[in-house]
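Just so we're aligned, residue 13 is where the sequence shown starts under our numbering, counting upward by one.
Rather than coming from a laboratory, the hints here were simulated on the basis of the structure. For clarity, every value in this text was computed on a predicted model and none was experimentally measured. What you were told as hints is all true, and nothing was included just to trick you.
Computed cross-link-like contacts, DSSO-like style, restricted to lysine-lysine with a CA-CA straight-line distance of at most 27 Å:
hint: 1; residue 1: LYS109; residue 2: LYS120
hint: 2; residue 1: LYS56; residue 2: LYS30
hint: 3; residue 1: LYS107; residue 2: LYS120
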Amino acid sequence: PSPPPPVMHSPTRKVTVKEQQEWRIPPCISNWKNAKGYTIPLDKRLAADGRGLQQVHINENFAKLAEALYIADRKAREAVETRAQLEKKIAQKEKEKKEEHLRQLAQKAREERAGIRTQAATDKEARERDQLRYDRHKERQRDRNIARTAPDKRSKLEK
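Let the sequences and hints guide you as you build the complete structure.
Below is the structure:
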């Protein structure tokens with residue numbers, strides 16, 4: 013058999029830097045393993061991740077849910093705030109009522125003290141009435157005691 017015919021090639025070209033960069037395959041960057049212990053910049057890690065290439069799409073139901081939760085939270089906060097204000101008002105009213113009661117008691121005590129001083133100084137008639145009552149009470153008591161004693165002694169005492 014005869015040898016195969018020679019294949020004619022064009023002369024090899026020098027590869028340019030741009031072509032080299034286009035053909036370059038980046039090394040695998042893992043967030044979990046780094047067997048050789050290379051220091052890999054964060055921007056390279058994120059670029060290798062591929063997350064930036066995806067389009068973010070938020071479901072409209074999620075937006076509705078988030079809005080409903082926000083509104084419910086706001087209403088709950090308002091309810092708590094109004095309840096707290098109401099309790100504060102009730103506590104304030106009770107405090108005022110208690111203070112007013114104490115104020116009235118103090119005023120009453122002051123008036124009584126002042127009244128006792130003035131009555132003791134001015135009311136002679138009341139003292140005389142009390143003295144008369146006391147004298148009559150003593151007299152009735154004496155009469156009862158006499159009535160209880162023996163008949164022979166009674167004549168001496170009645171004189």
